[in-house]
Structures are given as C-alpha cells and as structure tokens.
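Enquirer: The residues making up each chain are set out below.
Number of protein chains: 2
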Amino acid sequence: MEFDRHIALEGGDHEWTAELSEGWVVGGGVNGGYQLAVVGSALAQAAPGKPDPIAVSAYYLSAARPGPATVRTRVLRDGGSVATLSADLEQDGDARITVLATYGDLGALPEDVRTTATPPDLPPLQECVPNSMAPEEIRSIAPLMDRFDMRFDPRHVGWAVGQPSGNGELQAWFRLVDEREPDPVSLLMVVDALPPVTFDLGMFGWAPTLELTAHVRSHPAPGWLRVRHATRNLAGGMFEEDCEVWDSAGRLVAQSRQLARQPR
Amino acid sequence: MEFDRHIALEGGDHEWTAELSEGWVVGGGVNGGYQLAVVGSALAQAAPGKPDPIAVSAYYLSAARPGPATVRTRVLRDGGSVATLSADLEQDGDARITVLATYGDLGALPEDVRTTATPPDLPPLQECVPNSMAPEEIRSIAPLMDRFDMRFDPRHVGWAVGQPSGNGELQAWFRLVDEREPDPVSLLMVVDALPPVTFDLGMFGWAPTLELTAHVRSHPAPGWLRVRHATRNLAGGMFEEDCEVWDSAGRLVAQSRQLARQPR
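From first to last, the protein sequence lines stand for chains W and P.
All letters in the first sequence, in the order written, are residues 1 to 264 by full-length UniProt numbering.
All letters in the second sequence, in the order written, are residues 1 to 264 by full-length UniProt numbering.
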C-alpha cells in the first residue's frame, strides 16, 4: 500500500535510511506526522517484543524536504513491559526531528476500558464534506491532502469558503486513500493529518509545530477513523492543538497534543 | 526559600549536581514534577537569553530516591527565538528521567490572549479543604504534601473519606508552603503536585508516570494558583492525566498531559 512504501526503511541495527516522499509536502515542509510515522516505524524494530508506540514526543528542529533521510534509534532502557527509546531524523547532517518514546506491546495490555470521553459528534459519512472538494489553492500548497480520504463535519468547514466558525475545532472521518487499514504507527501520522485547527479561527497559513506528543492506547479496529482537533489556549503567538482519534469500534485509540506557532 | 534550596544546582557548563530532598518523597520514589523542576532549572542556563521552559517532555526510566543526582544538559539547536535542548537526570549511573525541551523568553512573546478554556470553578479559599487535614496515612506516604498549601475543592475530596466521586477530577488552590511565588520553572513541578486523579476514581496507590509533557505559556502572576487535574481515558492499565494551571490574574499559564500506569 502507498503508506507502507512511503515509510519504508532500509538498513537496520539502529541506523536506517528513508526516502521522504514529495506526496507529503504541506506549506513550507514535509508533514510532521508523516516524519513521526517514519521514525515510529524504525523505533518499532528497536526493542525486541515491543513493536508498538505507547507514548511518543517529537521536537521539530528544522523543516524537512522530500528526499533521503537518516533515522537513528537508541534504546535508553529496556526492562519490564516497556522500553524507553530515542531517535533522530536527519537530512544532510541537519536534525529535522528528535524523539523520545515509550514502546511496548499494546496487544498485551489489560482489556479494561473506563473511558469517559465521548466520540466526536460527526454526521454520517454521506453528509460530510470530502477533502476532494477542497479549493485548488489549498490542494496546491498541501499535496498531502491527496493521501487521505477525509470527510469533514460540515459545521467545521466554513473556513474553506471564508466563514470560519471561530470555535477552534475541526473534525472529520479519516482513512488513507487506498483504504490501507490503520495501525499503531500510522496513528502517529493521523494525529497531525488534518489542517491546523487555526483555520477554524480564520488564521490561515502554516502553523509550524514546536512539539507533538502522542499516546497510542490500543490497536485500532479496521475501518474509518474519527478525528477531532481542538484548541483552547491561543496566546502569546502559540497555540496548543489537542487531537483525539477514535476507531470504528468506538474506542479512543490515540490522543495527542502539540504546541505550534500561530500562522503569521 | 525552601523550593529554591531544594532545586539548587552546583557545577555548570552543562553538568550539574543536585541534592534530591527527602521532603519530596511520595509513594515509591521522589516526585516526578520536582525532578522535572530540578532539570528545568539546569536547562534554564543552557542557552543564553532563553531562560524559560516553553515545552518540556520527560520520560521516567526508574524511581529516584533522595540524595545526590547529576544533571547533564545539551543544546540540540539554538537559533531564532527558541532553543531545543535535551537533559538527563542520573543517580549512581542509573538514568531517572530523560528530557527534551524547547526554551525561550516568555517575556518576549506577543501579548495576544484568545484563550477559550475557562478557569476551574473553585469555591473561595475559605470554603475549600486544606491539605493539612489530609489523613495521617496519606501524609506519611506523601511527605511532599508538607511542601504545599493546597485547598481542595470540597466536591473532589470524597476520596479522603472513602467516597470518591467517580468523575476523575481533582482541583485545588495551590501555593508553596512558604509563599514562594510561582515562576516558569516551578510550574513544571506544579503540574505534577496534586494527588493522582485516580484517587477520585477510588483507585489508591502510586501511579507511576511513563511520560509527562508540560507547556508553559506565560510568566505566572504572583499569588495563589488554581490547578485542575482530569482524566478521560482510563484503559488498558493506563490513564492520561491532563493538568491546567491558572494564575491569580486569570491566565492559563501551564498545561500538561501525562501518561501513567493505573495504581495496582
């Protein structure tokens, strides 16, 4: 599937080569969530028996561009049920992102679920607005949109026609364009795949991420994901963006928060 | 002031010695937020002109104990208005926490505030329950409680008398016991100072943190802080704990999320 080709790694023994695809360009660089999935895929092989991201924190140092990249991983501690790992993604000697992570085996966790959060209140698929309807000026600066089949809640797409709601919320049905099923590593991309929530505040343009932390809490069930972005603290030239990813079985499978700069 | 003595560092040039105080013991180790403030204090000196934590992610590798600790800091990138840094806190060669961070100058940020989050709905101080009333069995396993003057919302202290609300929420007025005023580094401790939110779910015991990320968004105004903890996704033996810290001027000065293991 396309996503697997785009995150493919060569090498091994804690040093890998990836080819960042131009299909993931958005604004001034290569999408941060995609970079995180590339790194996350390398980390999945770093500690035996611990293939799944549980907590991953990425700090973004410079804008990545399409082309070769080197991923280096390191095991900081591997004991008990989880391992603590670090990784870097570099291009031509410049660090793009640096990562700390906890990996483990999501399939081995207890099955208790006492989630009190509620899934995004999304209209049925056929009542939502597909990303294929996005204006050409948005698609041209965001080729990554063509990687996805997204169906936006019509209440949160006013920004596309000059009428942002002002609430700082976006939510959509989500899947990869070739219906490649979600897995724990792909969720690291999904949490950064929707447009910046600042669009809904009428602030367009690129919102560079300083830091993004994702928690993956379960293997996602096959099928459509529901993704919700929201910000509640836009201040001092920055904003936090919280993301929730719910799977087709109604489980909250990933949560993330990022700190980003407001678009200029 | 007491807190300044407890986070004091000796050394310099990216390698420091600290003395972790036994006054911060809780459950099986030394409080994670206190460790983060010690590291955060060293990082404040790592990049010239960038004294303030903006985003800090800590991964907890092993339980710290009172006594000497070594903090090592490293500048990963220092350019423009922020620096990306890393740090480790070790005891006897064992890593306790490893940290990535973005530091900058909070005083130099634009003054715009468009926060839509609302402060914790806390009753007046005199109607809240002081931590000095905590049962002796709690204070004996949590000496760190004596570092704080906390006034708990009476609606969220049922756990102290065997009647947890089941909502997964805790909120309190907060200040250091000697009225030492809050600052950006002390907020790294404040986000992990209240009891685990799992107490409000009737799950007692220590809840070891796997990962904690804090965003500090402004210098806090002097005076009492309002702190709110909540969890919405307790599942698979883990829970996320979101924390908000509001200052006396009504600004949301810090947000954090941690992933922790459920108490056994």
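If you're looking for bench data, these hints aren't it; they were derived computationally from the structure.
Keep in mind it's a predicted model, so treat the numbers as computed, not measured.
Treat each hint with caution, since some may be false.
Just some of the chain P residues that point at chain W, by a computed CB distance under 10 Å [said to hold, decoys possible]:
hint : residue
1    : Ser62
2    : Arg65
3    : Thr98
4    : Ala101
5    : Ile138
6    : Arg139
7    : Ser140
8    : Ile141
9    : Asp183
10   : His215
11   : Glu240
12   : Gln262
Not close to chain W: a few residues of chain P, all C-beta gaps over 10 Å, as computed [said to hold, decoys possible]:
hint : residue
13   : Met1
14   : His6
15   : Leu9
16   : Glu22
17   : Gly23
18   : Tyr59
19   : Arg72
20   : Glu111
21   : Ala117
22   : Asn167
23   : Thr231
24   : Ala235
Just so you know, even glycine gets a beta-carbon here, dropped at the ideal spot from N, CA and C.
Enquirer: Now look at each hint and say whether the structure bears it out.
Expert: Evaluation of the provided hints:
no.: 1; hint: Ser62; in the structure: holds (7 Å)
no.: 2; hint: Arg65; in the structure: violated (17 Å)
no.: 3; hint: Thr98; in the structure: holds (6 Å)
no.: 4; hint: Ala101; in the structure: holds (8 Å)
no.: 5; hint: Ile138; in the structure: violated (23 Å)
no.: 6; hint: Arg139; in the structure: violated (28 Å)
no.: 7; hint: Ser140; in the structure: violated (28 Å)
no.: 8; hint: Ile141; in the structure: violated (23 Å)
no.: 9; hint: Asp183; in the structure: violated (16 Å)
no.: 10; hint: His215; in the structure: holds (5 Å)
no.: 11; hint: Glu240; in the structure: holds (6 Å)
no.: 12; hint: Gln262; in the structure: holds (8 Å)
no.: 13; hint: Met1; in the structure: holds (27 Å)
no.: 14; hint: His6; in the structure: holds (25 Å)
no.: 15; hint: Leu9; in the structure: holds (22 Å)
no.: 16; hint: Glu22; in the structure: holds (25 Å)
no.: 17; hint: Gly23; in the structure: holds (27 Å)
no.: 18; hint: Tyr59; in the structure: violated (5 Å)
no.: 19; hint: Arg72; in the structure: holds (13 Å)
no.: 20; hint: Glu111; in the structure: violated (7 Å)
no.: 21; hint: Ala117; in the structure: violated (4 Å)
no.: 22; hint: Asn167; in the structure: violated (8 Å)
no.: 23; hint: Thr231; in the structure: violated (8 Å)
no.: 24; hint: Ala235; in the structure: violated (4 Å)
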